[in-house]
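Undergrad: Each chain, written out:
Protein chains: 2
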Amino acid sequence: MTHFPKGFTSCSVNAGIKDDTLDFTIIYSDVRASAAAMFTKNQFCGAPIVVGKEHVADGYLQAIAVNSKNANVATGDKGLQDARTMTETVAAELGINSADVLPSSTGVIGVSLPIEKIVSAVPGLKGQLKADGLEQSAKAIMTTDTYPKFRTRTIGNITIAAMAKGSGMIEPNMATMLSYILTDAKIEAADLNKMLKKAVNVSFNSVSVDGDTSTSDTVAMLANGLAGDVDLVEFESVLTDLCIELAKEIARDGEGATKLIEVQVSGADSDAAAKKIGKSIINSPLVKTAIFGEDPNWGRIMSTIGNSEDAVDTTSVSVSFADVYVFKDGSPTEDKRAELEEYLKTDEVLIKISLGNGAGTATVWGCDLSYDYVKINGEYTT
Amino acid sequence: MTHFPKGFTSCSVNAGIKDDTLDFTIIYSDVRASAAAMFTKNQFCGAPIVVGKEHVADGYLQAIAVNSKNANVATGDKGLQDARTMTETVAAELGINSADVLPSSTGVIGVSLPIEKIVSAVPGLKGQLKADGLEQSAKAIMTTDTYPKFRTRTIGNITIAAMAKGSGMIEPNMATMLSYILTDAKIEAADLNKMLKKAVNVSFNSVSVDGDTSTSDTVAMLANGLAGDVDLVEFESVLTDLCIELAKEIARDGEGATKLIEVQVSGADSDAAAKKIGKSIINSPLVKTAIFGEDPNWGRIMSTIGNSEDAVDTTSVSVSFADVYVFKDGSPTEDKRAELEEYLKTDEVLIKISLGNGAGTATVWGCDLSYDYVKINGEYTT
Chain U
0 MTHFPKGFTS
10 CSVNAGIKDD
20 TLDFTIIYSD
30 VRASAAAMFT
40 KNQFCGAPIV
50 VGKEHVADGY
60 LQAIAVNSKN
70 ANVATGDKGL
80 QDARTMTETV
90 AAELGINSAD
100 VLPSSTGVIG
110 VSLPIEKIVS
120 AVPGLKGQLK
130 ADGLEQSAKA
140 IMTTDTYPKF
150 RTRTIGNITI
160 AAMAKGSGMI
170 EPNMATMLSY
180 ILTDAKIEAA
190 DLNKMLKKAV
200 NVSFNSVSVD
210 GDTSTSDTVA
220 MLANGLAGDV
230 DLVEFESVLT
240 DLCIELAKEI
250 ARDGEGATKL
260 IEVQVSGADS
270 DAAAKKIGKS
280 IINSPLVKTA
290 IFGEDPNWGR
300 IMSTIGNSED
310 AVDTTSVSVS
320 FADVYVFKDG
330 SPTEDKRAEL
340 EEYLKTDEVL
350 IKISLGNGAG
360 TATVWGCDLS
370 YDYVKINGEY
380 TT
Chain A
0 MTHFPKGFTS
10 CSVNAGIKDD
20 TLDFTIIYSD
30 VRASAAAMFT
40 KNQFCGAPIV
50 VGKEHVADGY
60 LQAIAVNSKN
70 ANVATGDKGL
80 QDARTMTETV
90 AAELGINSAD
100 VLPSSTGVIG
110 VSLPIEKIVS
120 AVPGLKGQLK
130 ADGLEQSAKA
140 IMTTDTYPKF
150 RTRTIGNITI
160 AAMAKGSGMI
170 EPNMATMLSY
180 ILTDAKIEAA
190 DLNKMLKKAV
200 NVSFNSVSVD
210 GDTSTSDTVA
220 MLANGLAGDV
230 DLVEFESVLT
240 DLCIELAKEI
250 ARDGEGATKL
260 IEVQVSGADS
270 DAAAKKIGKS
280 IINSPLVKTA
290 IFGEDPNWGR
300 IMSTIGNSED
310 AVDTTSVSVS
320 FADVYVFKDG
330 SPTEDKRAEL
340 EEYLKTDEVL
350 IKISLGNGAG
360 TATVWGCDLS
370 YDYVKINGEY
380 TT
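Sequence order for the protein chains is U and A.
If you count the first sequence from 1, position 205 lands on 204 in numbering that gives the first Met the number 0, and the numbers rise without skipping.
If you count the second sequence from 1, position 171 lands on 170 in numbering that gives the first Met the number 0, and the numbers rise without skipping.
Take these hints with a grain of salt, some might be off.
No copy labels: a pair is met if it fits in one copy or bridges any two.
Stated by the list, open to error - SDA-like cross-link-like pairs, simulated, lysine to any residue; straight-line CA separation at most 20 Å:
| hint | residue 1 | residue 2 |
| --- | --- | --- |
| 1 | 275 | 308 |
| 2 | 374 | 257 |
| 3 | 275 | 201 |
| 4 | 196 | 338 |
| 5 | 275 | 307 |
| 6 | 275 | 309 |
| 7 | 327 | 111 |
| 8 | 247 | 230 |
| 9 | 185 | 153 |
| 10 | 344 | 307 |
| 11 | 40 | 275 |
| 12 | 247 | 263 |
| 13 | 335 | 111 |
| 14 | 344 | 375 |
| 15 | 40 | 187 |
| 16 | 138 | 8 |
| 17 | 247 | 236 |
| 18 | 5 | 95 |
If you're looking for bench data, these hints aren't it; they were derived computationally from the structure.
Work out the full structure: start from the sequences and follow the hints.
TA: Right under this line is the structure:
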């Protein structure tokens with residue numbers, strides 16, 4: 000049976016923003032909760048990001064209001080006003096301060112938000128809030144995702160619930176497209192912040208579907224304290240594990256993806272350098288299409304490593320697909336293409352790269368590039 | 000009638016490297032020619048690049064030997080030996096010094112070059128050299144290109160002939176995949192070098208098909224002096240124009256491409272900053288797929304601009320497709336999606352971006368991302 004964190008409820012509806020699927024959700028805490036959030040670094044960030052940063056600044060939130068199907072980005076002054084109206088409408092319905100509401104919007108960029116539809120949909124929602132509504136919230140925030148991403152963990156009597164969405168325009172820089180993490184543990188906002196940053200760095204910030212950092216990336220974490228204290232070391236470990244699991248789900252469900260790709264880089268000068276090389280592999284359209292086609296064209300990995308901005312000692316590089324070595328200590332192995340072709344039939348491809356000269360390591364996740372990615376993105380608004 | 004530069008001849012054959020198409024060509028100058036060349040900055044550069052750098056170092060070349068269908072990259076010590084064997088075999092046939100032969104190889108990475116096939120194919124080729132063989136050479140160097148790229152220009156009695164190939168793994172950094180420029184003008188190697196660098200920067204180095212810099216990029220220019228002196232200012236202008244024309248052909252014939260995309264950026268802090276933003280637009284899979292699908296999803300341009308590493312004053316940004324403005328001085332225009340959808344039916348899409356705060360400008364070229372790109376690259380070696 001799924002455990003939900005104490006004192007959190009939610010509900011989801013169709014407000015008619017684009018079609019008749021769930022497109023609006025409210026997540027509510029019975030009491031004000033400690034809060035931390037991380038947002039996109041995209042300079043054309045969405046209007047809700049601007050408002051969200053203001054609202055989380057004091058370290059407290061009590062509700063999250065999210066619409067899908069429209070990102071409210073590049074929408075000028077009206078967009079900013081619409082984001083404020085969304086928080087005010089939800090705050091009025093819940094009887095709380097609008098500065099304790101985090102707004103989020105995800106969907107098409109550059110189209111004005113039909114705010115009147117949201118304003119009409121909100122009255123009466125307070126009565127529909129349910130403790131087991133969170134799984135439906137994970138569904139209501141989806142755009143091109145093919146399934147909701149929702150996970151829970153318990154530590155003693157403490158529960159953490161986390162959801163995420165994101166399938167295209169995914170190379171999070173500070174946070175994924177949208178992710179909300181709720182816990183009934185009692186944790187100060189400053190501690191939440193520290194733990195969230197570390198967890199996001201090795202999870203959401205280590206994923207790329209298409210190298211395009213979204214204008215709407217948000218990860219927000221609320222701790223309402225209703226289940227009491229928790230061991231912070233254990234909490235951080237569980238939180239990190241949870242974020243990695245959701246991040247991998249985002250890569251696995253990347254637009255049009257048929258395979259999850261994990262790249263493990265070791266022997267780099269620094270963790271940052273290792274991550275940069277790993278990201279360049281999962282962002283290479285040549286590598287991604289070869290993996291989609293199950294084509295043992297491993298030379299493309301070498302080319303991508305060679306393009307690294309950092310100096311690479313090419314004589315000490317080794318590359319393997321799981322345990323199939325194609326390049327060892329600077330030289331190609333005997334022709335392994337047949338073995339590699341067999342391996343590539345898997346739906347989870349593991350690429351290990353050893354640069355051989357440093358202590359820096361990183362693991363990143365991505366997905367293949369298929370016909371369906373082209374189809375989904377060639378027809379997105381029409 | 001096509002004019003060819005005096006004293007240059009060439010021939011092309013099938014050496015059986017992979018299939019029965021033309022895969023080997025020799026370009027020969029009757030006399031030693033002043034020469035300049037630029038090569039890939041990829042650290043896993045091909046064995047022919049290593050040898051080519053050595054051979055052009057003295058500012059002279061007399062022949063170019065190129066095979067397609069195999070890049071001789073990531074092939075270890077044998078690869079380096081094979082590249083030397085190729086130049087020695089060709090030099091012996093032509094009766095010249097092997098240090099005056101530039102070798103090039105293009106095709107799959109990580110597969111050993113079948114050098115014995117090239118060694119068998121060379122004897123007798125000297126007798127087949129023809130002045131009008133250059134157009135066939137442009138064909139023999141093709142891999143996934145769908146047509147040869149060959150252009151000539153005359154300045155008085157001076158002729159310049161230029162060829163290029165490249166369709167995938169194209170984001171040249173210092174040179175395109177392969178390009179050879181031949182002239183009978185008398186120009187010193189130092190002058191050739193200067194002019195070539197400037198021309199390449201605004202042409203081949205301003206093109207991207209897929210953001211992957213190849214391991215084999217080479218542009219080499221030979222001036223054999225047989226037609227005498229030329230005005231260097233006029234020559235540089237014609238050379239630059241010629242390189243831009245070939246660079247655009249490479250983008251237009253990008254793997255799977257259905258549309259040429261030109262991005263003009265102005266108002267940046269520097270030309271380099273403008274080029275970086277332009278490149279990020281033509282490398283965005285979301286922008287590329289939207290253009291393939293003729294989907295007026297211009298918000299993706301805003302998101303890509305917002306991801307610039309350099310600070311952007313978002314309130315002064317304007318974006319238009321040709322003359323259709325979608326965003327002006329920091330705000331969206333009235334909904335232009337219908338007009339934009341109509342415009343996108345063109346096969347040459349022009350995107351103009353004004354950042355509004357500086358004197359830096361750049362023009363870059365790319366292409367859309369289609370189903371065929373995925374098909375070509377999912378099945379490349381199998």
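Undergrad: Are the hints correct? Go through all of them and say.
TA: Going down the list of hints, with the structure as the test:
1. Within a single copy, residue 275 and residue 308 get their C-alpha atoms as close as 9 Å, and across copies as close as 15 Å, so both meet the 20 Å cut-off.
2. With identical chains, the CA atoms of residue 374 and residue 257 are at most 20 Å apart both within one copy (14 Å) and between copies (15 Å).
3. For the identical chains of this complex, residue 275 and residue 201 are intra-copy neighbours only, at 13 Å inside a copy versus 27 Å across copies, given an alpha-carbon limit of 20 Å.
4. In this assembly of identical chains, residue 196 and residue 338 lie within 20 Å of each other by CA distance neither inside one copy nor across copies; the values are 40 Å within and 44 Å between.
5. When the C-alpha separation of residue 275 and residue 307 is checked against a cutoff of 20 Å, the pair qualifies both within a copy, at 8 Å, and between copies, at 17 Å.
6. Taking CA atoms no more than 20 Å apart as the test, residue 275 paired with residue 309 passes in both settings, with 9 Å inside one copy and 19 Å between copies.
7. For a Cα distance limit of 20 Å, the shortest separation of residue 327 from residue 111 across copies, 15 Å, qualifies, whereas the shortest one inside one copy, 54 Å, does not.
8. In this homomeric assembly, residue 247 and residue 230 never come within 20 Å of each other (Cα to Cα): the closest approach is 26 Å inside a single copy and 61 Å across copies.
9. Taking the closest pair of Cα atoms, residue 185 and residue 153 come within 20 Å of each other only inside a single copy of the chain (14 Å); across copies the shortest separation is 79 Å, beyond that limit.
10. Taking the shortest alpha-carbon separations for residue 344 and residue 307, neither the intra-copy value of 28 Å nor the inter-copy value of 37 Å comes in at or below 20 Å.
11. Taking identical chains as interchangeable, the C-alpha atoms of residue 40 and residue 275 lie at most 20 Å apart whether they share a chain (17 Å) or sit on different chains (17 Å).
12. Taking the closest pair of Cα atoms, residue 247 and residue 263 come within 20 Å of each other only inside a single copy of the chain (14 Å); across copies the shortest separation is 37 Å, beyond that limit.
13. Taking the shortest alpha-carbon separations for residue 335 and residue 111, only the inter-copy value of 13 Å comes in at or below 20 Å, while the best intra-copy value is 54 Å.
14. Taking the shortest Cα distances, residue 344 and residue 375 sit within 20 Å of each other only across copies (19 Å), while inside one copy they are farther apart (24 Å).
15. Taking the closest pair of Cα atoms, residue 40 and residue 187 never come within 20 Å of each other, the shortest separation being 25 Å inside a single copy and 49 Å across copies.
16. Taking the closest pair of Cα atoms, residue 138 and residue 8 come within 20 Å of each other only inside a single copy of the chain (15 Å); across copies the shortest separation is 67 Å, beyond that limit.
17. Taking the shortest alpha-carbon separations for residue 247 and residue 236, only the intra-copy value of 17 Å comes in at or below 20 Å, while the best inter-copy value is 52 Å.
18. Only within a single protomer do residue 5 and residue 95 lie at most 20 Å apart by alpha-carbon distance; the minimum there is 19 Å, versus 85 Å between protomers.
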